[in-house]
Amino acid sequence: MWIDEAIWGHRLYDEQLPWMVFLEFLNVFYHEEDKSRAFFEPNGLNTLKYRCAHRLHLRNILFNNPHLAEIRQNYPNESNRWDEWLKRMKSATGIAHAQFNYLRHHFHSFDDFCETVSLIRSTSLEVNSNKRWTSKFVFPYGKDCLYEDLDNTASTNDRRFFGRTGEMLYLMLCRTQRKVELLTALKSRLAETDPTWDSIIKCLQPADETQLSGERANSFLPYKHHESFDQLAEDWLAILRLNIPSFDVFPHLVNLAGLHLITYQLGVSRQLLGLETPLQLICEMVAPKKTLVREISCDLYQQNNLLPAQAVETFISRIENSPAWQQALSDNGAFEKCRKILRDEVRWGEEYDGPSDPEQLITALRQAAMKRHRQHVANIHRNYGRDIGLVSKRGTVKLRYAPTDALLKTLLFANVERRIELNQFLDRLHSRYGFVFSDKQAEQVLAKGEFDKKAFQANSRRLEQRLGSLGVLKRLSDGCAYVVNPYYKTINE
Amino acid sequence: MTPAEVPKFIAEGTVSKASLYNNIFGGNLSEIRRQSITIFDYLERFQIGYETTNRVDNLLIFGEGDELLGSYFAEFVAADRFYGADSRYYASKQEYIEGTNEGDEKSKEFLEMLVSQRRGLFFKIPKESEVELHLWDLTVFRFAGEYLGSVVAVVKGGGVVKRPLLSRLVRGLNRVFTGMLINSDRELYLATSGNYSQAKVSRILVERVSVDPNKGEKIVLRYDAASDRVILTVFFAPTLSVEFSLTLIRYEFLSRVAIEGALPASFSKECYEDLLAFKSQLIAAHTKRKADDPVQTGTAIGLNLFTLTDQGMPDPRFIEIVP
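Chains as they are written, first to last, in the numbering used here: chain R, 1 to 493; chain G, 494 to 816.
Check each hint, because a few of them may be wrong.
[Stated by the list, open to error] In the DSSO-like style, the derived pairs of lysine-lysine whose C-alpha atoms are separated by at most 27 Å in a straight line are:
| id | chain 1 | residue 1 | chain 2 | residue 2 |
| --- | --- | --- | --- | --- |
| 1 | G | K501 | R | K393 |
| 2 | R | K474 | G | K762 |
| 3 | G | K693 | R | K202 |
| 4 | G | K693 | R | K393 |
| 5 | G | K762 | R | K131 |
| 6 | R | K143 | R | K290 |
| 7 | R | K179 | R | K202 |
| 8 | R | K393 | R | K337 |
| 9 | G | K762 | R | K290 |
| 10 | R | K290 | R | K187 |
Because the hints were derived from the structure by calculation, they are not lab data.
Note that the coordinates shown come from a computational prediction; the quantities given were computed from them, not determined experimentally.
Sequences and hints are given; from them, build the entire structure.
Here it is as structure tokens:
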């Protein structure tokens, strides 16, 4: 079936949380950069083909190796330790004729080796989750730290946690107006990072580590341009140009990627549904008690959450109302013709075995499409929202928009150059993402009956306090509150 | 309240409601009204009236006639004819101690009186009894007395802050910088985690800076007249230093981290973030100092890891990786 994909791309996948999206993106980016074509699609739209590294030596050492502590304890002698460990590692998963002898050249002692492994593990992603070892990732210190997610036997990517959303992210950035600038900024940022760690990770791999995946192809993003793509690029650019210490930029990039994937999904849904007003995200700054803002935010969250499903519905209705379908209905052999339309349009109908009636055929499609949609694509708004700290249940049982400190910081860093007045900042957040915090923006978007000035004033006062305690808000003696970006540097600095 | 109402209050025996000690914190205003007035909002942050110790509460509740606390009760509570214990207070206290009433109303009234009395105590305890009665435990800032007396007053007068206080600050800094319960206080430990500069736990030692003057390194507290602040300065070399404004909140935070270990949850993240930013500056200064050292390329990568011994002393371990 090709409905969610036709609407948003191949594909938005809820189990691949933003950090995994970013890692998949980096894999694609480094591969394409190596071929000097990063952010360009030289063979036309949606022709991306790339390969990923597997780095199974490294991954076996870090994540599939419970022996170190025990060997250190039970084998007092240096060479015994190495021998025993090397013997055990002969059966390392996914490597033919596993050989880890090269490690002895890099470390003076087995103890040093163990300490290094434990240190690298402590900075890894998902390290404390109970995910399979093939889905654990080393922190992306550099090129030598990147590899793709693999199935249990470490043989192929089963698309569990690398579900192509990273490919979509890459394609989104290929299609922005500022991609050249972005490429320069991203490249120089990645080049500036401290190479020590990448070198250390490299030492854990044999010199001839070349195992690559098969060719990964078939990525698909249906739009040549979209507002979300440009906004994402703009935000990334702003962050990349800041004076943030090396790897500290990554979490911000990840948050913004997650945010823009959400706004992309909701934005496309709204366009398909013909909604002309922009997206609104009314945010509660968590209050000790239930407030009106919380109520409105909960309702709005629910409404937004349903948009993608409505888009799928509309997409199918469009097929049903299309001249081709209507024509087919009045022709002889209507059922077969309609079935052909569905096969061509949405790649579905082959296995349909219900009554030969177009009406029932499309009903069956609706059911199947909704069922499929609900499994993964429908959860993006919730799962990504929670992961990046936009959506939360804090203090209540219902989900609503209640940004965390970390997300607020990311937004501030991406939107404030040196410093701007708090109200300008809030205006900017509203016009760019649809965020509503204070009474001024709320008044514009809410109906008279729903709008409560006091509640929103209190909300923005809480925001002001939060920003103050994060050290990014200064109140001057004239009563003006400014938000400050401590990492901003002018070009000449 | 108008002058005409005064006889009424006297008749009702509710003069204590006019307690200056309580009303200076807006105690006579409704909660919403109080929060909307900036000065009360600020004063509220000291939490005077809500912070307390067992000793103070024992004094107020059981102090009357007590062997040890009785004299304090008499001096601070009973003797204050205006805002101290009046008949309402004694009655409520009695009810609270011996009452069988399980309802919340009565005890709530007494608890409110206690707040007012604690506030009174904060102003009535004289300088001589400050230490004995732990006056500053009546505020969130338990180290405020020490901060004012042994730090601000000393540096303002051009003096040197006592070594144990500086050591305690250094230990607090070390604990925040490493994310471990380190006890070392003779050197400042700069450590990183490898990826994030803001990581909670940092196991890789970058540099140690001596607290006592040593080859240009030292850590001192001084007074900055221009900003009227106490400044903690870390010297890497006579001409290379990083400054940190040691405000009361930061002093309190570091002292508590040094003594109690855990990060005090009642403090906002602000302090913690400020300290991590300070660490970033220190590491930047260290990098600057090192920039003059010639770099050898292609040589082994060295890492200084450290763990803690049972006594909380750092146990460094040097690891070399040969590329």
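Hints versus structure:
1. Among the hinted pairs, K501(G) with K393(R) is inconsistent with the structure: their alpha-carbon atoms are about 51 Å apart, more than 27 Å.
2. Straight-line distance between C-alpha atoms of K474(R) and K762(G) comes to about 17 Å, which keeps the hinted pair within the 27 Å bound.
3. Using a Cα cut-off of 27 Å, the hinted pair K693(G) and K202(R) holds, with the two alpha carbons roughly 26 Å apart.
4. Distance check on the hinted pair: K693(G) and K393(R) sit about 25 Å apart at the alpha-carbon level, within 27 Å; holds.
5. Under the criterion of a C-alpha separation no larger than 27 Å, the hint pairing K762(G) with K131(R) is inconsistent with the structure, at around 31 Å.
6. Annotation: proposed proximity of K143(R) to K290(R) is violated, straight-line Cα distance about 48 Å (limit 27 Å).
7. About 30 Å separates the Cα atoms of K179(R) and K202(R), which puts this hinted pair outside 27 Å; it is violated.
8. For the hint linking K393(R) to K337(R), the alpha-carbon distance of about 49 Å lies beyond 27 Å, and the restraint is violated.
9. Restraint check: the Cα-Cα separation between K762(G) and K290(R) comes to about 24 Å, which is no more than 27 Å; the hinted pair holds.
10. A distance of roughly 46 Å separates the Cα atoms of K290(R) and K187(R); the hinted pair therefore is violated under the 27 Å criterion.
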